[in-house]
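Colleague: Model the placement of chains P, F and E on the given structure of chain Z, informed by the hints.
Each chain, letter by letter, is given below.
There are 4 protein chains.
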Amino acid sequence: MKEKLAVAVLGASGRMGSEAVAAVEAAEDMELVAALGRTDPLETLVSAGARCMVDLTVPDSTEANVRFAVEHGIHAVVGTTGWDAGRLARLQELLQASPGTGVLIAPNFALGSVLATAFAAKAARYFESVELIELHHPDKVDAPSGTAVRTASLIAQAREEAGVAPSPDATTKELPGARGAEVNGVHVHSVRLRGLVAHQEVLLGGPGEQLTIRHDSFDRASFMPGVLLGLRQVAEHPGLTVGLDGYLNLND
Amino acid sequence: MKEKLAVAVLGASGRMGSEAVAAVEAAEDMELVAALGRTDPLETLVSAGARCMVDLTVPDSTEANVRFAVEHGIHAVVGTTGWDAGRLARLQELLQASPGTGVLIAPNFALGSVLATAFAAKAARYFESVELIELHHPDKVDAPSGTAVRTASLIAQAREEAGVAPSPDATTKELPGARGAEVNGVHVHSVRLRGLVAHQEVLLGGPGEQLTIRHDSFDRASFMPGVLLGLRQVAEHPGLTVGLDGYLNLND
Amino acid sequence: MKEKLAVAVLGASGRMGSEAVAAVEAAEDMELVAALGRTDPLETLVSAGARCMVDLTVPDSTEANVRFAVEHGIHAVVGTTGWDAGRLARLQELLQASPGTGVLIAPNFALGSVLATAFAAKAARYFESVELIELHHPDKVDAPSGTAVRTASLIAQAREEAGVAPSPDATTKELPGARGAEVNGVHVHSVRLRGLVAHQEVLLGGPGEQLTIRHDSFDRASFMPGVLLGLRQVAEHPGLTVGLDGYLNLND
Amino acid sequence: MKEKLAVAVLGASGRMGSEAVAAVEAAEDMELVAALGRTDPLETLVSAGARCMVDLTVPDSTEANVRFAVEHGIHAVVGTTGWDAGRLARLQELLQASPGTGVLIAPNFALGSVLATAFAAKAARYFESVELIELHHPDKVDAPSGTAVRTASLIAQAREEAGVAPSPDATTKELPGARGAEVNGVHVHSVRLRGLVAHQEVLLGGPGEQLTIRHDSFDRASFMPGVLLGLRQVAEHPGLTVGLDGYLNLND
Numbered sequence: 001m002k003e004k005l006a007v008a009v010l011g012a013s014g015r016m017g018s019e020a021v022a023a024v025e026a027a028e029d030m031e032l033v034a035a036l037g038r039t040d041p042l043e044t045l046v047s048a049g050a051r052c053m054v055d056l057t058v059p060d061s062t063e064a065n066v067r068f069a070v071e072h073g074i075h076a077v078v079g080t081t082g083w084d085a086g087r088l089a090r091l092q093e094l095l096q097a098s099p100g101t102g103v104l105i106a107p108n109f110a111l112g113s114v115l116a117t118a119f120a121a122k123a124a125r126y127f128e129s130v131e132l133i134e135l136h137h138p139d140k141v142d143a144p145s146g147t148a149v150r151t152a153s154l155i156a157q158a159r160e161e162a163g164v165a166p167s168p169d170a171t172t173k174e175l176p177g178a179r180g181a182e183v184n185g186v187h188v189h190s191v192r193l194r195g196l197v198a199h200q201e202v203l204l205g206g207p208g209e210q211l212t213i214r215h216d217s218f219d220r221a222s223f224m225p226g227v228l229l230g231l232r233q234v235a236e237h238p239g240l241t242v243g244l245d246g247y248l249n250l251n252d
Numbered sequence: 001m002k003e004k005l006a007v008a009v010l011g012a013s014g015r016m017g018s019e020a021v022a023a024v025e026a027a028e029d030m031e032l033v034a035a036l037g038r039t040d041p042l043e044t045l046v047s048a049g050a051r052c053m054v055d056l057t058v059p060d061s062t063e064a065n066v067r068f069a070v071e072h073g074i075h076a077v078v079g080t081t082g083w084d085a086g087r088l089a090r091l092q093e094l095l096q097a098s099p100g101t102g103v104l105i106a107p108n109f110a111l112g113s114v115l116a117t118a119f120a121a122k123a124a125r126y127f128e129s130v131e132l133i134e135l136h137h138p139d140k141v142d143a144p145s146g147t148a149v150r151t152a153s154l155i156a157q158a159r160e161e162a163g164v165a166p167s168p169d170a171t172t173k174e175l176p177g178a179r180g181a182e183v184n185g186v187h188v189h190s191v192r193l194r195g196l197v198a199h200q201e202v203l204l205g206g207p208g209e210q211l212t213i214r215h216d217s218f219d220r221a222s223f224m225p226g227v228l229l230g231l232r233q234v235a236e237h238p239g240l241t242v243g244l245d246g247y248l249n250l251n252d
Numbered sequence: 001m002k003e004k005l006a007v008a009v010l011g012a013s014g015r016m017g018s019e020a021v022a023a024v025e026a027a028e029d030m031e032l033v034a035a036l037g038r039t040d041p042l043e044t045l046v047s048a049g050a051r052c053m054v055d056l057t058v059p060d061s062t063e064a065n066v067r068f069a070v071e072h073g074i075h076a077v078v079g080t081t082g083w084d085a086g087r088l089a090r091l092q093e094l095l096q097a098s099p100g101t102g103v104l105i106a107p108n109f110a111l112g113s114v115l116a117t118a119f120a121a122k123a124a125r126y127f128e129s130v131e132l133i134e135l136h137h138p139d140k141v142d143a144p145s146g147t148a149v150r151t152a153s154l155i156a157q158a159r160e161e162a163g164v165a166p167s168p169d170a171t172t173k174e175l176p177g178a179r180g181a182e183v184n185g186v187h188v189h190s191v192r193l194r195g196l197v198a199h200q201e202v203l204l205g206g207p208g209e210q211l212t213i214r215h216d217s218f219d220r221a222s223f224m225p226g227v228l229l230g231l232r233q234v235a236e237h238p239g240l241t242v243g244l245d246g247y248l249n250l251n252d
Numbered sequence: 001m002k003e004k005l006a007v008a009v010l011g012a013s014g015r016m017g018s019e020a021v022a023a024v025e026a027a028e029d030m031e032l033v034a035a036l037g038r039t040d041p042l043e044t045l046v047s048a049g050a051r052c053m054v055d056l057t058v059p060d061s062t063e064a065n066v067r068f069a070v071e072h073g074i075h076a077v078v079g080t081t082g083w084d085a086g087r088l089a090r091l092q093e094l095l096q097a098s099p100g101t102g103v104l105i106a107p108n109f110a111l112g113s114v115l116a117t118a119f120a121a122k123a124a125r126y127f128e129s130v131e132l133i134e135l136h137h138p139d140k141v142d143a144p145s146g147t148a149v150r151t152a153s154l155i156a157q158a159r160e161e162a163g164v165a166p167s168p169d170a171t172t173k174e175l176p177g178a179r180g181a182e183v184n185g186v187h188v189h190s191v192r193l194r195g196l197v198a199h200q201e202v203l204l205g206g207p208g209e210q211l212t213i214r215h216d217s218f219d220r221a222s223f224m225p226g227v228l229l230g231l232r233q234v235a236e237h238p239g240l241t242v243g244l245d246g247y248l249n250l251n252d
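Protein chains in written order, with the numbering used here: chain Z, 1 to 252; chain P, 1 to 252; chain F, 1 to 252; chain E, 1 to 252.
Derived from the structure by calculation, the hints contain no laboratory data.
Just to be clear, a hint being listed does not mean it is correct.
[As the list claims (entries may be wrong)] Okay, derived cross-link-like pairs now, BS3-like style, lysine-lysine, Cα gap no bigger than 30 Å in a straight line:
1. K4/P with K173/Z
2. K173/F with K140/E
3. K173/Z with K173/P
4. K140/F with K173/E
5. K140/Z with K173/P
6. K173/E with K173/F
Okay, chain Z solo, but in the shape it has when bound (with noise of 0.2 Å):
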């Protein structure tokens, strides 16, 4: 019988956390050997025996809670935002003294938002049109929502490489706003709307077809598959992956 992988929880009284605890209790093949809060001391983590960690805390804590792993030999998958350009090549190096150990840090892990976006990317590069609706609840603030401005800059670049024209657009006569926001020449335009949580929707339009490729994220339960597969498979990918399309055997 293969040996149950022993899980840390960081944030674990959070909302995020408090989700992971009960998805990797819930996981046949793992056992959750600790579940911190604010206040835990780090060193439960080497006491309790955690072979890696998911870190779902704040940005002023993630970097100090990573260091401490790496340095511990336990492998790190990372939720928490806040990882800008400084703290990720700190990371590296510290990463270089320590080559056995893995760390994934995942702006998202919602499997189906990740595999979307990859998709729309690949795509976008054979279709003569594209463009982007982004739908939420309305009390959110920003319009477009971050993960569809990634998106758009994506395929923008996806179809500069590939040196594909702009998409065709004989507009004229325009009420103000009609024809959406451009990120990078990409036009994308955002719905909000009682009853939605967070949805995306990429069109990409050639001669006579369409295709769509649409993600619908119902819950925040959406982004514990992510979670357990990034524990699983952390151990196999040393040093530093950004982002879960890392992980995912995409060009299979």
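Modeller: Just chains P, F and E now, with coordinates in the frame of chain Z:
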């Protein structure tokens, strides 16, 4: 056996007109008694024994065509644009002298489009949020489409009459255009994509639910069922009717 | 200032009931005067001064609850199932002795779902083809859903009354089940997918066009606007009304 | 200035062939040097100086056409059906004697369709549930479509290789056909609706999220970008390639 309906087509050599000729010829309950081009005399309508006619000509000639029909007791179904308030008023007056004659002036013969707009206006009173997305081929010069502007206006009117508050929107940080154009307070987004024809989606949202009403127009053939329905019913609707929805039993 | 509506909730400790308690408390034009659990005496309705009540209990007790309300001139909105023909007939009889009292029995309080079904039935008379897709979570035991069967039946009835031919279908070579189940001649397809809640799509097609009416139910909160609408209007609809659509002004 | 690609079209008077003739003539980087009908001699390919050809003929003649091309060092893009295992084996053998010549045999030239299938197979390893809906015009005789059966088979294979359990399904009470057809354990639903052309939707679901990959084929024009892409790249892919996805850089 029921007598066939004697139908004349005006503008028979145009794109819409030639489709109408084919549709009337294919209809088992109709007989095409005249197909008039630009230079054919209107008197043919009488000599051919037309009971009703469909006008698919141009704004310059449609008023004279319809007046001729009404003066001769021939019912008229009109798809030509250009019927402003003055023309409609003169037609109303003329119809008072011919109380048994019916005229239908329809800016849109696509049954699905007419129904979608009617349903959207009815439903908009019951939802906290409503937005509109219209999608067309990239050779279209105006954004939003005329149909979208009209639908949004009807939705806004229905909500105002019912005392519904504006759709909630917490956006404070917006890339210009992301939230679309506003038509009487209703957000409208215009997508332009190669491969598409003419499509419209009304999104209505309330706590925990969404209602979506979508119409896809794939080609000009979509107007013909509406034209035939108009021809079949125009005799039963004496006087002037504006909009095909006047012939649809939406209130049963 | 307008007096608040005095509302009682029966079944207040159940899942639906506790949502209703919260919704009534949050409504500015209502006052929650009683929240009754299984063992609380119905007399509380009277002593608390309830003007109307909503019954969200169980099939075994709903009839006695509603009869008590009617006998005391309290209007009733009923979401509990189990109202067969016999119960409805007895209730009709009772209401004749209390002509000013209103009762609404609604199998479905989701406004979007009720509207979607009503619109689909209206539209189905005007399209050559109609099919239905319902999508639910994979723990559902029946396929198709009850709502889908009801919608398909209403569509079939509307088409029959309008003399519309069956949807065309040239299929001669079918893998068993590919074309779905048939409900009175209407094809119904049931999708079961992890992540979904309850969704239904009616597809209507004619030459060159498609009309799609889709309802998404994301969570139980979707029932509350319908419950509140029922409570606000029940006093104005004396007698028995079955179905929330009886309160929606779909024929304006 | 770059030399134009000298292209021949075989089957030029057929429906697909005449579209290809127009597409090649419209392509700025190509020159149409021959357009052969049923009775034109294959020798024209040589005398016209064709560098590559596209075969859009009939199963009876395609093998001879392609063999002639390979024997004369002309690259071939083939859309004709009828290439069974025996034909493919004989072609492989012939190509060994002409190692610089490329042949692409593509059952489907719609880029969006090819990409949709490839993405669906990749994604299917990461989701608990997957189902497939295909929608076509009602004159289609087979259900499900060939493309749907092929997509479902590839999905089933990808899931089996990744050790993914079958999609969960608690259905115990089913109206026959409601849950669709099963292709290697994947549920497939076939909708037939007037107005539609050819459409396919792969639905993938996990806890709290859904990924949808949809392809719409509106008309035959959708095949031409794939034909042109094949002609542009066939010289760089010596030997036999089956399936247009072999030319798409899906693994970048």
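Colleague: Looking at the structure, which of the earlier hints fail to hold?
Modeller: 1
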